[in-house]
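What follows is each chain in one-letter form.
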Amino acid sequence: MQIEFKQVGFVYQPNSPFEHRALKNVDLTIQDGAYTAIIGHTGSGKSTLLQHLNALLKPTEGQAIIGDRVINKESDNKNLKSIRQEVGIVFQFPEAQLFEETIAKDIAFGPKNFGATDEELGDLVKESLEMVGLDESYMEISPFDLSGGQMRRVAIAGVLAMKPSVLVLDEPTAGLDPQGRLEMLEMFERLNKEKGITIVLVTHVMDDVVNYADNVVVLEKGTVVKSGSPKDVFDDVQWLKEKQLGVPTASEFALKLIDKGLQFDELPLTSKELAAELAKLSVKKAGDASC
Amino acid sequence: MLEKLIFGRYIPGQSVIHNLDPRAKLLASFYFIGLIFLCNNWQSYLLAFAFTLVVIKLSGISLKFFIRGVKPLIWLILFTVILQVLFTKGGTTYFEWGVISITQFGLMNGAYIFCRFVLIIFMSTLLTLTTAPLALSDAIEYLLRPLKVIKFPAHEVSLMLSIALRFVPTLMDETEKIMNAQRARGVDFSEGNLAQRMKAIVPLLIPLFVSSFNRAEDLAVAMEARGYQGGEGRTKYRKLQWRMKDNMVIIAFALLTIGLVFLRY
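So the protein lines, in turn, are chains A and B.
Here the first sequence stands for residues 1 to 291, where the numbers follow UniProt numbering.
Here the second sequence stands for residues 1 to 265, where the numbers follow UniProt numbering.
Hints in this document: simulated from the structure, not taken from any laboratory.
Where hints are given, some of them may not hold.
Claimed, not checked - Here are the simulated lysine-lysine pairs, DSSO-like style, with alpha carbons at most 30 angstroms apart: (1) B:Lys199 to A:Lys126; (2) A:Lys78 to B:Lys71; (3) A:Lys105 to B:Lys177; (4) A:Lys73 to B:Lys71; (5) A:Lys126 to B:Lys71; (6) B:Lys199 to A:Lys58; (7) B:Lys177 to A:Lys163; (8) A:Lys6 to B:Lys64; (9) A:Lys285 to A:Lys6; (10) A:Lys24 to B:Lys177; (11) B:Lys177 to A:Lys243; (12) B:Lys236 to A:Lys112; (13) B:Lys71 to A:Lys105; (14) A:Lys81 to B:Lys64; (15) A:Lys163 to B:Lys71; (16) B:Lys148 to A:Lys78; (17) B:Lys177 to A:Lys195; (18) B:Lys64 to A:Lys163; (19) B:Lys239 to A:Lys58; (20) A:Lys58 to B:Lys71; (21) B:Lys236 to A:Lys73; (22) B:Lys89 to A:Lys24; (23) B:Lys239 to A:Lys78; (24) B:Lys177 to A:Lys73; (25) B:Lys71 to A:Lys226; (26) B:Lys71 to A:Lys112.
What the hints assert, rightly or not - If you only want the chain A side, here are some residues facing chain B, beta carbon under 8 angstroms, derived: (27) Gln51; (28) Gln97; (29) Met187; (30) Arg190; (31) Gly287.
Ideal Cβ positions, reconstructed from N, Cα and C, are used throughout, including at glycine.
Kindly produce the complete structure, drawing on both the sequences and the hints.
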């Protein structure tokens with residue numbers, strides 16, 4: 001399902017002294033099946049933008065086209081359920097949304113709201129638990145007995161169980177241990193590559209952006225200031241530093257090497273690319289030496 | 001939904017009213033509420049209104065706000081006013097039907113009650129709009145201090161109050177977040193009959209309680225780690241200062257009282 005934003009703007013509490021403009025003239029297309037990363041400073045409007053993706057918020061200007069539905073200022077709040085099922089959002093610290101007595105019930109909560117039958121639910125719960133790396137023995141435990149990381153997994157499983165075709169993730173790995181982080185990011189990549197689920201990832205970790213995303217959208221003060229492939233966005237190191245957005249570790253290291261006199265064909269973004277470039281260089285050097 | 005509620009919010013500013021001692025404002029607001037009951041004719045209400053409008057003008061906050069603050073309560077006010085109008089007897093009777101009658105006194109009483117409501121809401125809204133919550137809780141702690149004589153835990157009450165006030169916005173944010181998360185999972189908070197709506201609240205309430213427990217635990221540990229051992233022997237960082245302009249408040253209210261008493265008798 002494709003999501004398209006046309007000149008979307010959003011103002012919180014308009015016409016009051018608490019009025020606050022969060023989005024302005026946002027043009028954005030999230031292609032079906034793509035892995036899009038949204039980056040930007042705290043307060044740049046990322047979270048507001050996310051809530052537009054499944055019509056939790058309606059644009060106060062412009063329109064958001066979600067699948068074949070057009071959401072604008074006038075759209076009513078009825079029949080948004082189909083959108084909510086299609087676009088699953090995992091909010092920041094999703095473990096705060098758990099409430100049922102058992103994990104199985106909590107995971108089943110979403111699909112049940114969207115009308116899944118009891119027989120479907122059993123399989124859905126098992127399947128989604130497996131996807132997040134937990135086994136069936138967890139099904140009858142209270143979610144409040146789990147560790148923070150496991151709670152996070154259960155919460156994500158609860159969203160996955162709705163079988164969304166678009167999965168929106170707001171810093172899903174914040175506060176997780178390195179191992180858990182990696183597992184989770186790999187799971188999202190699998191969902192994207194194998195099941196064709198569109199992924200929208202909000203993150204502050206540039207390494208994750210270059211490692212996984214096909215598209216990057218840079219937000220600043222509520223507007224899109226740059227978008228394109230990671231190569232396009234991360235090529236201009238100076239610009240990134242000006243915006244204080246940070247550079248992927250591999251690029252950072254490559255830049256240091258360039259300072260020392262090494263030359264690369266293009267700036268590597270991931271550690272793999274860096275290793276490949278270095279291998280090329282060493283082969284060349286060996287060749288030069290043997291002459 | 002919650003954002004329409006103006007009452008109880010604070011708008012930072014630098015006006016005369018903003019800079020008054022919170023104790024002066026708190027006491028003055030309570031005193032004003034008592035004072036309103038002195039009014040018994042239209043001249044006295046006029047004076048009270050004039051006084052309120054001047055104070056609002058001084059605060060530099062637009063009157064529109066205060067009117068908007070009355071709006072959520074308008075049904076309660078109208079209900080009371082209509083009851084007064086329909087069931088008060090006396091004076092000239094304009095209309096009568098069974099126990100219901102519209103009389104001169106009834107209309108007068110209705111109008112007075114309306115004025116009282118509006119004045120009280122204006123004044124208390126002004127208090128919260130111009131006073132930071134923490135300043136307010138400092139003022140309450142100070143004013144409760146005499147009660148220590150009867151073993152009233154003034155420090156504990158004010159500590160609870162300031163923690164509660166501090167966490168109101170945090171909890172509101174949290175509520176909003178959990179609501180959004182559950183809406184994204186297909187909960188409809190604004191649809192269905194009463195029973196369905198009550199049921200829809202559960203996925204909101206349980207996480208809120210759980211996170212409040214967790215927050216309380218974390219906060220208690222953090223407070224202890226920083227050496228908090230109760231109210232005994234603590235010094236204060238924010239000192240309240242009674243200045244000349246706070247005396248002006250007393251003078252202004254004294255004048256208002258004299259004026260109202262004069263108009264009454």
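Practice task
Find the hints from earlier in the document that the structure breaks and name them by number, from lowest to highest.
Solution key: 5, 8, 9, 12, 13, 14, 15, 16, 18, 19, 21, 22, 23, 25, 26, 29, 30, 31
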